[in-house]
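Protein chains in written order, with my numbering: chain A, 1 to 463; chain V, 464 to 812.
Simulated from the structure, these hints should not be mistaken for lab results. Check the hints yourself; a few may be wrong.
Unchecked claim - Simulated restraints, written as ranges between beta carbons of each label pair:
(1) A:ASP233 / V:ASN683: 28 to 38 Å
(2) A:GLY102 / V:LYS549: 49 to 59 Å
(3) V:ASP796 / A:GLU231: 26 to 36 Å
(4) A:PRO439 / V:GLU731: 18 to 28 Å
(5) V:ILE795 / A:PRO158: 37 to 47 Å
(6) A:ASP241 / V:ILE795: 39 to 49 Å
(7) V:ILE795 / A:GLU101: 17 to 27 Å
(8) V:LYS549 / A:PRO267: 16 to 26 Å
Everything numeric in this text was worked out from a predicted model, so none of it was measured. Every residue, glycine too, gets a C-beta built ideally from N, C-alpha and C.
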Amino acid sequence: MSTINQKWLAGLLFSAALAGCAQGDETAPPEEPTAEAKQAFLWPTNKPNRPRINTGSNNLHLSNEVRFLALQPNTDSVNGQGKFGVASDGVNEDNTDALFEGFSVAAGGQAIASNQRSCFTCHRPEDGFGLPLPPLSNSIALTDTLFTGLDADAQGDPDGLSNLDNLALFKLRPNRFNPTRAPSDPYRRVFFWRKSPRLVNVGFSHGFLNDGRGRNTFEVIRGAIFAHTQEGDERFDDLFDPADLRDIETFMFDQVTDPVLGALRDPQDPMHDTLVNNPFATVDFQTFPQWLGSQVFKSKCMNCHSTPNVFNGLANTNPVGTRNPDTDPAFGPGQGGEFFNIGVAEKNVHNLRFTEWTGNGYQPIVLPMAAPNGDIVNHTVTFDIGLAATTARTADIGKFKVPQLRDLADNAPYFHDNSATTIKEALDHHLSSAYANSPGGRQYPIWVSHIQRKWLLKFLEIL
Amino acid sequence: MFGPNHKARALGCIGAAATIISLASPSGAHNQGSLNKPFAKFDMEKGFMNLPTYQGAGIPFELTVIPGKQDNCNGEMSTTISWNEKTNKVKVRLRGKNVLEPNPSFDRTEGVNYFPNEFWPEPEDVVNGRYQYWMISPGGTITLYYDPQTLDLLGSEWDFETPPPAIPITLPTIKVVSMDFFQPNGSGDVDETWEFDYDKIVKLDQPTMAHHLFTAAPGNLCLVNPFRFDLSTLRPYLTYPLPENEAVNFREFLESGFIFDLTVEPAEYYTDPPLTTQIATYSAAALTGGAVPKGWQLDLAAVFGNQAPPIVPYPSRDSCDPYFYPAPKTNIDWCAQMPASMPQAMMTN
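Pulled out of the complex, with its shape left as it was, chain V reads as follows (with noise of 0.2 Å):
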């Protein structure tokens, strides 16, 4: 029977499609806002999502935004992920019409959008790159360990055989997976789908691996306030991609809200195992309810503390100048502000 719901529905459906269609045309450095429409037919086992996908999104800390063509600085593109789990399918479908610049370079200057970090190795800058998209959603945590003296950052747990004697704190993770490397045409337009098995996330270009995991973590324990994010001094940190008999089923990223982002990679890996850059263009973020608008930005330190509200106007919405996301950072030491106790504290918040 075909009844009103299912022809709002059909409406819905065709409304979504041709939106997706017909994305957004040139334009210039203002935001123009987006009909570009967010939406899920959801269930677990088998459905599809679409999800607008702009710059300045869902993006993490110390990561650099370029425009993804100087003459459609402020372009949309569409993120559609459909799944299966009878068929063992997960398919990532990623289009836009003028919205990348073939083979991006971009140069960062140390101290403004580029600060080196041993616990994530990046080169400084891109020269004749290929773009790669990531699938990011919330993890479990990981225990990192500091130095007992010092109390700096050692490593995580998945840098040592055994645990070493050492101060574990645990944080909260996200796990982030990459897709295969790609090149837009050259009008600059992007049509690629990337394939998962539902029952195993790898990453795609490297498919003997699973997915990685990023954290905001403090270098030593007196730049972290336990209690407030926002007075802590962080910097991100990124695991190498973890054994492929450590990656996760769909239903792992599909329950905890999704994040897409597109990196600006080096022609060639720069590590093995491979890392990722921290430039990027587009993104999309679910994580939230519904999908973060147009020219807006989920703000990473409010999900972290869970404050309110979770998104903020995305500072270069109506420019085409590069973003830098900076992490927190007040380099207050807390080791002199606390009574002596605080330590237990930390450990135990």
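In isolation and in its complexed conformation, chain A is listed as follows (with noise of 0.2 Å):
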């Protein structure tokens, strides 16, 4: 027999005799792992700065470099909060301060008139910085603007709403604002149906938006304002102070799950190394299973959530505008990351449909995509395509970003399209053929027994 094949025997023995163990006392306090333990564990494990090997469209300057986003000198988080429309009490909106309109240039001269939306409006304090579980309308009145403004983004969509309040699903045109492409471009009209994602901890990404798109929090800002906020097709950059941005970019960064995670922005933090160093330093483990968990999430799951304690894809790219962005402008890459296709979007859970609405009927959206070699290959639109909708390359198709772990049982649901409501629902997408089959399950295929599912369940429970 092998080295290999004994010391994976050696380790799936006493992983069982563990199983036995834990599954005697589940609720026992964690006891100190035996270094014997410890080794029972040492699969193969994702290793800071570990060299990989890019193909395709992934960015090929990616670092497994511990670092993000810098925000801004001279900020004023107090300012952000109003811009933002949350109230001085921290959980109401107040939108006094945080609306865009008005008489503008880089619109063609027109004066913009907003919906009364604000980023509360999708962005709620009491629900993590995000939206309330679907139906909406069980828990904002359907007068809320969140509702009234439907046309900014929905323009006219018959699924529109039902979409909105049954799924918590917005309709989104990514290039809907790029003045460069004809209003007919198939490349203007693709759209996808996504969910308002959770703001805390988002000074922790990796890329902006459910699909990493976004390179930095201001251009986000700004593209998500002139998404929902206004009907029309056009930009009115004119309107926004750079200086009011960058303190809603700060005030977003200030939004953490735990306070002692701000060590990990902040090298000087007496506490950044041992965050960087130990991934599971902020994680309150009340049980051994619970740790027995964090081994295995470690062993199968942190190829791609990688960032120490907070779990997000640490794959970044440093770009400058990133790298000084009090001096240089964003411009190249974004900073984000590793992006992956696991099955989710071809799923299509929902039945979400993917034509386009002409007033009256439905027609298909055809793109013209690179394909790894170069060829132009005509995709039809049938489910959410991802990136690939603003990269315009094949390999991109169904591709996200790989989302943070921290507080999962308060973020439920789970995926670009909610369409996962239970944690353990999107645990076993991943378990699941649909992920064996995708791209990113034939990258890093993931294999745990009914054991470890379990223990897995329970890590993830209390992050």
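Hints are included, so try docking the two chains, each in its own frame, into the full complex.
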């Protein structure tokens, strides 16, 4: 028997032994694992700065260094809170300073009227700066600007209200405000249905929005205001004071589930190295099975959920504008990241429609895309194509950002389309044939035993 | 321990190496598609990257792309970059078979693919020229100065000892640094390796000088719409090489994304300090995710304006015709279109 098989067998037997113990007393306080126990879990693990081979459309400059988007200097979080639309009580809405409207030269000399939505409308403090569980009308009145402002994003789509209320999904055209392409260009017309991402811990993101296409928060905030607060396709860049958007960014980055996590962003913080070197330093283990789950997670999940203590994707680039945002413009590549197609989009659990509403019928959207060998492929959109809508590469079809997992139990529903309602459902997708047959699943196959799955669930539930 | 992941990586390396070695065989004009894969084994301190290198992949405004060889006008090359901070070495290797005409000549026509530019002087034609390879990456900003009366461009911060009494405008830049000149062999084959110091990237043809800075600038402030790159009238702007003490660490190139560009240069320098022509053949770009695929082009207007998608089909992908990449040019006088407050907005955005 080869060395690798011997070690695997030993690990398996030891796991089984541990499983037996764990099943016997799941509520017992955690014990310090023995060196032997730790040895049993020395499966291949993610290592910071591990060299990688990238092909296709993944950014070739990705690194696993623990670093995050730098904040602008001299910003004002309190002003940012007001511009975001959160009242001074930190809970309710106050959009007095949060609307962007007026005469716009950039929009061709027209007056832009806000539909009275603010950032708060879709990112509510009591819901982790996201939205509550659908149906939304169970907890948000139909007279709320969330619903009355629907046509800013749905633009008359017959499924707009139903998908928003019942599934908490917004219609989004990612290239809606690209003036360099004609309105008839399929990249201007392509759309998807997406959840409102929760913003707690957004300061640890590498790439923003569900598919990571946003390269910095300034541009993402501006795009969100374009898309959700007025019905036209005109940009009104001149209605933004860049300083206000930077203040909003600072306010957003202040929202963390655990203040200790802030040390990850600050190499000078005494806790920084601890959080970098111990991926579970801030996890409050109460039982031994929870700790066992963390070890399964380490070996099976941290190839992608690799940021220590936050568990989103760590792979990032560090272009100008990220390193020196006070002096250099955002220019060139975005900060994130490594994106994966794990088969969620193709499943299209909610049977969402991706043909274009023309006013009296539906027509398919066909995008000319680059195959890895450079051939032009005309792709008919039948499910959410993810990152490919903004990169024009077939290799990016169905790719999304690796979401962070802190506070996971409070973040339901899961995935970009809210298609998993529980942690168990989300986990089981990763153990399914849909995952195994997906490009991401083939790159990082996951197999866990029944008891390992049980431990994993216990770990994920306490994050 | 040699596990499945190691096997996959090893096979990937072998496959990638094989594709580099067996670069495209001679072909005609039709875009054949490429099996030459981009890959990187990446670490800031030590690593390597392979970039498939084609015509049109990453080119600046007002550059003319010419076929490398008429009997292989959509050929492929391969650029391999390796670096090691400890040994203070960065190597760039450019390879290809039957890819370049020795001693290239090319005539341009004023008003068609040659537009004299006082901020980037260059000869109209190249006769019995030579090749030069360039490493390119986003830089910081440059301050340009404009005449407060005429609003005409006067020059950049690198042209004045002290800031002049003029309107300063800050623009993003791309930094470009050159390797030494070369010729292919008689068959058009190329296998060249250049070596930089990791801690100090200087021009290899003039090691006492650092990189140049490139930007796209309005010749007059009334020709720019501060919110719409595509509606502005812009010209390429290139500084002379910066002084040696301005040379940056390789990380400054590595972290921001690469473009490589193979230019066609006259047999002798035509300025002192040297500049470059806007005639080129092959290029590679990894400025956005992955490398730009064969037959596609980095859309610089999209990159500057943060628009998506950032790549478009290269217009000459199925032909042997030279391609001229025009700069944004609307000739709209925005001073006549905008309120009096607009110059202030132009300076703050």
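Hints, one by one, checked against the model:
1. A:ASP233 / V:ASN683: 28 to 38 Å: holds, 30 Å
2. A:GLY102 / V:LYS549: 49 to 59 Å: holds, 56 Å
3. V:ASP796 / A:GLU231: 26 to 36 Å: Holds, since ASP796 of chain V and GLU231 of chain A (Cβ atoms, about 31 Å apart) stay within the stated range.
4. A:PRO439 / V:GLU731: 18 to 28 Å: violated, 52 Å
5. V:ILE795 / A:PRO158: 37 to 47 Å: Holds, at about 39 Å.
6. A:ASP241 / V:ILE795: 39 to 49 Å: Hint violated: Cβ distance 25 Å, outside 39 to 49 Å.
7. V:ILE795 / A:GLU101: 17 to 27 Å: Holds, since ILE795 of chain V and GLU101 of chain A (Cβ atoms, about 26 Å apart) stay within the stated range.
8. V:LYS549 / A:PRO267: 16 to 26 Å: holds, 22 Å
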